[in-house]
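2 protein chains.
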Amino acid sequence: MKIICEQSKLINGVNIVLKAVPSKTTMEILDCIKIKVHDGKIILIGNDMSLGIETVVQGDIAEEGDVVVSAKTFSDIIRNLPDNDVVLTSDDSNINIRCENCNYDIPVRNASDYPDLPKIEKDNFAVVSQFTLRNMIRQTVFSIGSETEAMKIMTGELLEIKGKKMRLVALDGHRISLRNVELDAEYGDRKVIIPGKTLNELVKIVTGDINDKVKIYFSSNHVLFEMEDTIVLSRLIEGEYYLVDNMLSGDFETKIHINKKKLSECIERASLLIKESDRKPLIFNFGQEVVDVKIKTQAGNYEDKVDIEKDGNDILIAFNPKFLLDALKVIDDEDIDIYLMNIKSPCIIKDKDETYMYLILPLNFNPD
Amino acid sequence: MKIICEQSKLINGVNIVLKAVPSKTTMEILDCIKIKVHDGKIILIGNDMSLGIETVVQGDIAEEGDVVVSAKTFSDIIRNLPDNDVVLTSDDSNINIRCENCNYDIPVRNASDYPDLPKIEKDNFAVVSQFTLRNMIRQTVFSIGSETEAMKIMTGELLEIKGKKMRLVALDGHRISLRNVELDAEYGDRKVIIPGKTLNELVKIVTGDINDKVKIYFSSNHVLFEMEDTIVLSRLIEGEYYLVDNMLSGDFETKIHINKKKLSECIERASLLIKESDRKPLIFNFGQEVVDVKIKTQAGNYEDKVDIEKDGNDILIAFNPKFLLDALKVIDDEDIDIYLMNIKSPCIIKDKDETYMYLILPLNFNPD
Numbered sequence: 082m083k084i085i086c087e088q089s090k091l092i093n094g095v096n097i098v099l100k101a102v103p104s105k106t107t108m109e110i111l112d113c114i115k116i117k118v119h120d121g122k123i124i125l126i127g128n129d130m131s132l133g134i135e136t137v138v139q140g141d142i143a144e145e146g147d148v149v150v151s152a153k154t155f156s157d158i159i160r161n162l163p164d165n166d167v168v169l170t171s172d173d174s175n176i177n178i179r180c181e182n183c184n185y186d187i188p189v190r191n192a193s194d195y196p197d198l199p200k201i202e203k204d205n206f207a208v209v210s211q212f213t214l215r216n217m218i219r220q221t222v223f224s225i226g227s228e229t230e231a232m233k234i235m236t237g238e239l240l241e242i243k244g245k246k247m248r249l250v251a252l253d254g255h256r257i258s259l260r261n262v263e264l265d266a267e268y269g270d271r272k273v274i275i276p277g278k279t280l281n282e283l284v285k286i287v288t289g290d291i292n293d294k295v296k297i298y299f300s301s302n303h304v305l306f307e308m309e310d311t312i313v314l315s316r317l318i319e320g321e322y323y324l325v326d327n328m329l330s331g332d333f334e335t336k337i338h339i340n341k342k343k344l345s346e347c348i349e350r351a352s353l354l355i356k357e358s359d360r361k362p363l364i365f366n367f368g369q370e371v372v373d374v375k376i377k378t379q380a381g382n383y384e385d386k387v388d389i390e391k392d393g394n395d396i397l398i399a400f401n402p403k404f405l406l407d408a409l410k411v412i413d414d415e416d417i418d419i420y421l422m423n424i425k426s427p428c429i430i431k432d433k434d435e436t437y438m439y440l441i442l443p444l445n446f447n448p449d
Numbered sequence: 082m083k084i085i086c087e088q089s090k091l092i093n094g095v096n097i098v099l100k101a102v103p104s105k106t107t108m109e110i111l112d113c114i115k116i117k118v119h120d121g122k123i124i125l126i127g128n129d130m131s132l133g134i135e136t137v138v139q140g141d142i143a144e145e146g147d148v149v150v151s152a153k154t155f156s157d158i159i160r161n162l163p164d165n166d167v168v169l170t171s172d173d174s175n176i177n178i179r180c181e182n183c184n185y186d187i188p189v190r191n192a193s194d195y196p197d198l199p200k201i202e203k204d205n206f207a208v209v210s211q212f213t214l215r216n217m218i219r220q221t222v223f224s225i226g227s228e229t230e231a232m233k234i235m236t237g238e239l240l241e242i243k244g245k246k247m248r249l250v251a252l253d254g255h256r257i258s259l260r261n262v263e264l265d266a267e268y269g270d271r272k273v274i275i276p277g278k279t280l281n282e283l284v285k286i287v288t289g290d291i292n293d294k295v296k297i298y299f300s301s302n303h304v305l306f307e308m309e310d311t312i313v314l315s316r317l318i319e320g321e322y323y324l325v326d327n328m329l330s331g332d333f334e335t336k337i338h339i340n341k342k343k344l345s346e347c348i349e350r351a352s353l354l355i356k357e358s359d360r361k362p363l364i365f366n367f368g369q370e371v372v373d374v375k376i377k378t379q380a381g382n383y384e385d386k387v388d389i390e391k392d393g394n395d396i397l398i399a400f401n402p403k404f405l406l407d408a409l410k411v412i413d414d415e416d417i418d419i420y421l422m423n424i425k426s427p428c429i430i431k432d433k434d435e436t437y438m439y440l441i442l443p444l445n446f447n448p449d
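Protein chains in written order, with the numbering used here: chain A, 82 to 449; chain B, 82 to 449.
One thing to keep in mind: the hints can contain errors.
Remember, identical chains collapse to one label, so a pair may be satisfied in a single copy or spanning two.
[What the hints assert, rightly or not] Below, in silico cross-link-like pairs of lysine-lysine (DSS-like), each with a Cα-Cα straight-line distance of 25 Å or less:
| no. | residue 1 | residue 2 |
| --- | --- | --- |
| 1 | K386 | K341 |
| 2 | K278 | K233 |
| 3 | K343 | K153 |
| 4 | K233 | K83 |
Hints listed in this document are in silico derivations from the structure and should not be mistaken for laboratory results.
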């Protein structure tokens with residue numbers, strides 16, 4: 082193999098496929114990336130057996146061939162080369178990396194040992210803008226369950242397409258986060274559970290440009306995100322997702338309209354008294370025009386008040402401040418509406434069109 | 082105690098004294114800061130028994146008194162308050178912190194349990210600009226020995242005043258870093274060893290302004306740095322410092338003139354092939370107009386060349402790349418001079434006036 086690429090384009094490609102290289106693995110070859118030069122294309126590949134990423138890098142090809150090289154060493158080297166043309170030349174045992182006066186020789190692995198990404202039938206797909214996909218992930222993925230404590234299904238998100246509607250749902254037993262979006266066409270109904278890890282990496286790769294599209298292909302075990310130069314292929318999580326519609330469609334007794342920034346600052350100040358391991362309730366007394374906020378911990382007491390507009394009954398209720406903050410952080414609106422039923426029922430934060438919905442369970446507390 | 086301070090001034094003061102609050106301690110009260118309101122002054126104090134910091138905060142005093150409060154809780158709270166007036170009111174058991182609608186009550190400790198900073202006789206002193214002191218520390222302190230492996234003396238720096246000359250020296254058994262400066266007057270000769278921890282914290286507090294002065298007082302066991310609103314008081318390390326003058330005054334056979342940025346980039350690229358624990362030699366072949374740089378490790382091989390101007394003999398010599406980089410990072414000159422004797426003798430990097438001197442021992446290597 083012999084190719085010539087600009088350093089900036091090469092490191093851009095390397096950074097993309099690095100997101101599929103596992104930080105820890107028992108299969109040593111997965112610590113590597115594969116450079117596949119074939120049919121006039123230079124393709125970089127990273128693969129952790131659950132998530133695989135391929136990206137095309139522009140460059141001149143002198144000789145085709147495959148190379149598998151340590152992802153850490155290769156990426157460290159390319160990142161620190163001068164911003165100039167990089168010549169990569171490989172034989173069976175080494176890859177030579179040259180740029181200006183710099184000259185590296187790095188051992189390579191047997192290219193045929195590197196596991197290929199599975200082939201996916203490209204029958205079913207949907208199209209969405211990268212901007213929308215990025216926002217939908219960012220605004221929900223924080224509330225998936227952690228790998229250690231949760232049921233497997235909770236470690237992923239539900240991606241559901243129904244008619245022209247697409248939604249992404251994450252939940253962890255204490256809260257539900259949901260984003261709805263209208264597609265530009267009907268693509269056929271679909272319901273899959275995508276691993277949180279895939280979404281956390283995908284969100285770093287999609288451009289966030291409203292004009293860049295991503296084509297999402299579905300097979301029985303995989304989902305494939307296809308962008309201009311890059312594909313992200315992920316296994317799906319098996320199983321039946323929770324039925325969240327009933328939980329989200331309940332009645333409410335009280336509707337609160339409040340400034341998001343002021344509420345966030347108040348909750349952050351209260352959180353300063355909470356040690357990491359604590360699950361201290363933050364108590365909200367929603368009155369006529371103001372909410373009184375209170376917390377008592379070993380570190381001290383805090384009281385604050387924030388102006389509100391209220392429809393319905395007064396209500397005294399407590400929440401885990403972290404869960405409220407997580408939701409408030411990803412809402413772009415200046416003011417938000419909070420819907421409450423009673424002291425034992427969850428609150429729902431949502432906009433009029435239900436483009437976002439955040440359900441959070443209340444905590445028990447001692448009113449005194 | 083009752084005082085009113087602007088939030089920005091208060092957090093500024095808190096951040097200064099926090100630098101003397103130990104991250105781990107067996108004396109629980111040292112986790113606190115003391116607010117001492119006395120003689121019309123508001124003074125904040127942090128103290129880890131080896132390093133003590135006091136700073137004056139501007140504000141209105143309604144009632145004098147002393148308060149001792151958890152440094153972490155108090156600083157977290159003050160940092161997150163609105164940018165407005167903060168009212169602090171304390172009794173024997175609590176301090177109340179009010180700002181706009183925010184209202185905290187935090188338990189306090191017995192103020193008389195907090196250890197006072199020792200009183201220092203203010204007889205002997207020297208004056209230097211904060212700009213100069215900051216640079217001198219920054220440019221040497223990286224080469225003190227670590228607490229775990231080094232002799233106690235190596236964990237500090239020598240501060241020596243002789244006539245109008247002041248110098249700061251750090252060494253760790255593999256290298257020496259030295260900075261010289263001319264004082265504006267003679268203050269009396271002095272020779273003390275200051276703990277590295279003190280210097281690392283002090284460097285964050287001094288302003289870096291050439292017009293701000295710092296007055297340095299010496300007693301037999303302590304050194305006191307006095308700035309406009311802040312004093313930093315530190316124990317000294319006992320013992321006799323190494324005699325470095327002989328090591329730094331040796332002859333040389335070869336003088337190299339080289340661009341600092343190009344040499345740094347070359348060493349950084351070579352370092353990418355070194356694992357953290359390795360002590361791999363980076364081999365320099367200083368020839369007529371160019372230095373060939375080479376390294377071989379398990380991760381691969383690297384070769385590079387950098388233009389030089391050379392006086393004297395060709396020389397093949399190897400160094401620990403980290404030690405070279407540490408020195409190059411803190412030198413502000415564009416081009417540097419490296420003085421070499423032979424393959425077994427240290428190199429010295431210094432400027433003409435010897436305002437800085439960096440001595441680095443060579444490593445053994447296998448030439449092949």
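Since the copies are identical, ignore which copy is meant and state whether K278 and K233 lie within 25 Å (CA to CA) inside a copy, between copies, both or neither. within (12 Å within a copy, 47 Å between copies)
Up to 25 Å between alpha-carbons, please classify K233 paired with K83: within, between, both or neither. Neither. Shortest intra-copy (44 Å) and inter-copy (55 Å) distances fail the 25 Å Cα cut-off.
Given a CA cutoff of 25 Å, do K386 and K341 count as a within-copy pair, a between-copy pair, both, or neither? Only inside one copy: K386 and K341 sit 13 Å apart there, 58 Å across copies, limit 25 Å.
State whether the alpha carbon distance between K343 and K153 is at most 25 Å within one copy, between copies, both, or neither. between (44 Å within a copy, 24 Å between copies)
When each numbered hint is compared with the structure, a violation occurs for hint 4 only.
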